[in-house]
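Just so you know, the sequences run in chain order A and B.
In my numbering, each residue's number is its place in the first sequence (first place is 1) plus 1479.
In my numbering, each residue's number is its place in the second sequence (first place is 1) plus 471.
If you're looking for bench data, these hints aren't it; they were derived computationally from the structure.
Check each hint, because a few of them may be wrong.
Derived SDA-like pairs: lysine to any residue, alpha-carbon spacing no greater than 20 Å straight-line [to be verified]:
id: 1; chain 1: A; residue 1: Lys1601; chain 2: B; residue 2: Gly511
id: 2; chain 1: A; residue 1: Lys1601; chain 2: A; residue 2: Leu1624
id: 3; chain 1: A; residue 1: Lys1603; chain 2: B; residue 2: Ser516
id: 4; chain 1: A; residue 1: Lys1497; chain 2: B; residue 2: Arg569
id: 5; chain 1: A; residue 1: Lys1616; chain 2: B; residue 2: Leu508
id: 6; chain 1: A; residue 1: Lys1603; chain 2: B; residue 2: Trp507
id: 7; chain 1: A; residue 1: Lys1601; chain 2: A; residue 2: Asp1565
id: 8; chain 1: A; residue 1: Lys1601; chain 2: B; residue 2: Met504
id: 9; chain 1: A; residue 1: Lys1601; chain 2: B; residue 2: Trp521
id: 10; chain 1: A; residue 1: Lys1748; chain 2: B; residue 2: Trp521
id: 11; chain 1: A; residue 1: Lys1616; chain 2: B; residue 2: Gly511
id: 12; chain 1: A; residue 1: Lys1603; chain 2: A; residue 2: Leu1614
id: 13; chain 1: A; residue 1: Lys1601; chain 2: A; residue 2: Ala1615
id: 14; chain 1: A; residue 1: Lys1601; chain 2: B; residue 2: Asp515
id: 15; chain 1: A; residue 1: Lys1603; chain 2: B; residue 2: Gly568
id: 16; chain 1: A; residue 1: Lys1601; chain 2: B; residue 2: Ile518
id: 17; chain 1: A; residue 1: Lys1601; chain 2: B; residue 2: Trp507
id: 18; chain 1: A; residue 1: Lys1497; chain 2: B; residue 2: Gly568
id: 19; chain 1: A; residue 1: Lys1601; chain 2: B; residue 2: Gly568
id: 20; chain 1: A; residue 1: Lys1601; chain 2: B; residue 2: Ser516
id: 21; chain 1: A; residue 1: Lys1603; chain 2: A; residue 2: Glu1503
id: 22; chain 1: A; residue 1: Lys1616; chain 2: B; residue 2: Trp521
id: 23; chain 1: A; residue 1: Lys1601; chain 2: B; residue 2: Arg569
id: 24; chain 1: A; residue 1: Lys1748; chain 2: B; residue 2: Ile518
id: 25; chain 1: A; residue 1: Lys1497; chain 2: A; residue 2: Ala1615
id: 26; chain 1: A; residue 1: Lys1603; chain 2: A; residue 2: Arg1507
id: 27; chain 1: A; residue 1: Lys1603; chain 2: B; residue 2: Arg510
id: 28; chain 1: A; residue 1: Lys1748; chain 2: B; residue 2: Asp515
id: 29; chain 1: A; residue 1: Lys1616; chain 2: B; residue 2: Trp507
id: 30; chain 1: A; residue 1: Lys1748; chain 2: B; residue 2: Gly511
id: 31; chain 1: A; residue 1: Lys1603; chain 2: B; residue 2: Arg569
id: 32; chain 1: A; residue 1: Lys1748; chain 2: A; residue 2: Leu1732
id: 33; chain 1: A; residue 1: Lys1748; chain 2: B; residue 2: Leu508
id: 34; chain 1: A; residue 1: Lys1603; chain 2: B; residue 2: Asp515
id: 35; chain 1: A; residue 1: Lys1497; chain 2: B; residue 2: Glu517
id: 36; chain 1: A; residue 1: Lys1603; chain 2: B; residue 2: Gly511
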Amino acid sequence: MVSHESKQSGHAREAIMKVPTWVEGAGRWRAFRYGFLRAMLVPGWILLISACGFGVLAQDAGLSLFQSLLVMAVFFGLPAQVAVADQLARDATFFAAAIAVALTGIRLLPMTVTLMPYLGGKDKGPTEQENPPILAKYQERVGQLIAVHFIAVTAWFEGMRALPSLPERLRLIHFIGIGIGLVSMTLAGTAIGYLLVEVVPPVVAAVLLFVSPMYFLLSLIDTGRLPVDIFAIVLGCALSPVFYLLVPEFDLLITGLFGGTLAYLFGRKFRGLSVVSKNSQKGVLRPPSSGEKGP
Amino acid sequence: MRDLFSGLADNGLGVTLVLLLIAFVAHEPWRWMGLWLGRGVSVDSEIFLWVRLVSTALVAGLVIRVIAFPAGALASIALSSRLLALVCGVVVFLISGRNMAVGVLGGALALAITGFAVGS
């Protein structure tokens, strides 16, 4: 079942990705462990620093340390947590808070949809020697429900980076490893921020809050495999302030739909922009010399 | 029950329960919906490309919103400094051969320096 030949053509086949060496003969535990360890690398530390920022904010909003940690773990999406802390500080009603959270959470939907092919969905991954699946069907279903809980910007980026080059049977467990690793990092960060809030000068607090948007932007550029991805980033950046001022409640949703659709239509018009270059390493878009020629 | 829905600010068990409820009513369902919708999607499909571009534009929009219209401590630094630091981060990232840590560090340093220099 595992050795499906997947289509090599098309825009999204993450061209010529190197299969990591640990994959050879890996079982559940190794797939999990390498995922967990992956979360201890740079993105995990960036997330830890961002979580420090949330710890500061949560203390400010009057949450207890336990509540701050709980919010971090059960939401696991910083924008929604910021919204909750903000509503709480302003003594808002349950419904106002729930609507604010729901609106910031919309972005999780497209992220989950785009990660699902790699979490037991349709993408079969690199072909490998006959290896049995390591999860039973019901375990896979439960695993998926656990895995999607970790989907937020950072885990999404890490998943998009790590999963396509893995054989299908290892992906779900590997991603759960990444997720649990990232949650651990954010819990540590929240506690640190919460407890250190008194000591930190304002410039440091500002830098703590700056780190995660900076990381998001660089990750977008890094995982943007096609010229249209870069186009979507530029459109998103340009449209966001406009829609924020016009329709502050729904700005992100409209920015995403409008910018994304425009980039998509642009890619359709100029076919060359939405095809992975054969020369691009790891499927990542390279500067013009090795990139697409354009229309 | 009254406290549960009228206001969130009284601390204690009520707040904890309300926070849990909000997470499971307003936040987690998006992930479940994505799980359900994403099962049948193929990476080579046009839909996949479109959804990915939508989420890309959305996250880019989120970045600019957080930087341009910040809440809390970030607001104490001038808008020009914040935007300059963001650009610095991208430039450092690109010239360092796409090194994530170096890029983020470059942006953060730029923010700290311009934050001091330009003042608040």
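Against the structure, the hints:
no. : hint                   : verdict
1   : A/Lys1601 to B/Gly511  : holds, 7 Å
2   : A/Lys1601 to A/Leu1624 : holds, 17 Å
3   : A/Lys1603 to B/Ser516  : holds, 14 Å
4   : A/Lys1497 to B/Arg569  : holds, 18 Å
5   : A/Lys1616 to B/Leu508  : holds, 19 Å
6   : A/Lys1603 to B/Trp507  : holds, 18 Å
7   : A/Lys1601 to A/Asp1565 : violated, 39 Å
8   : A/Lys1601 to B/Met504  : holds, 17 Å
9   : A/Lys1601 to B/Trp521  : holds, 17 Å
10  : A/Lys1748 to B/Trp521  : holds, 14 Å
11  : A/Lys1616 to B/Gly511  : holds, 16 Å
12  : A/Lys1603 to A/Leu1614 : holds, 15 Å
13  : A/Lys1601 to A/Ala1615 : holds, 17 Å
14  : A/Lys1601 to B/Asp515  : holds, 10 Å
15  : A/Lys1603 to B/Gly568  : violated, 31 Å
16  : A/Lys1601 to B/Ile518  : holds, 13 Å
17  : A/Lys1601 to B/Trp507  : holds, 13 Å
18  : A/Lys1497 to B/Gly568  : holds, 19 Å
19  : A/Lys1601 to B/Gly568  : violated, 33 Å
20  : A/Lys1601 to B/Ser516  : holds, 11 Å
21  : A/Lys1603 to A/Glu1503 : holds, 17 Å
22  : A/Lys1616 to B/Trp521  : violated, 30 Å
23  : A/Lys1601 to B/Arg569  : violated, 30 Å
24  : A/Lys1748 to B/Ile518  : holds, 16 Å
25  : A/Lys1497 to A/Ala1615 : violated, 27 Å
26  : A/Lys1603 to A/Arg1507 : holds, 18 Å
27  : A/Lys1603 to B/Arg510  : holds, 13 Å
28  : A/Lys1748 to B/Asp515  : holds, 18 Å
29  : A/Lys1616 to B/Trp507  : holds, 16 Å
30  : A/Lys1748 to B/Gly511  : violated, 26 Å
31  : A/Lys1603 to B/Arg569  : violated, 28 Å
32  : A/Lys1748 to A/Leu1732 : violated, 24 Å
33  : A/Lys1748 to B/Leu508  : violated, 27 Å
34  : A/Lys1603 to B/Asp515  : holds, 12 Å
35  : A/Lys1497 to B/Glu517  : violated, 25 Å
36  : A/Lys1603 to B/Gly511  : holds, 13 Å
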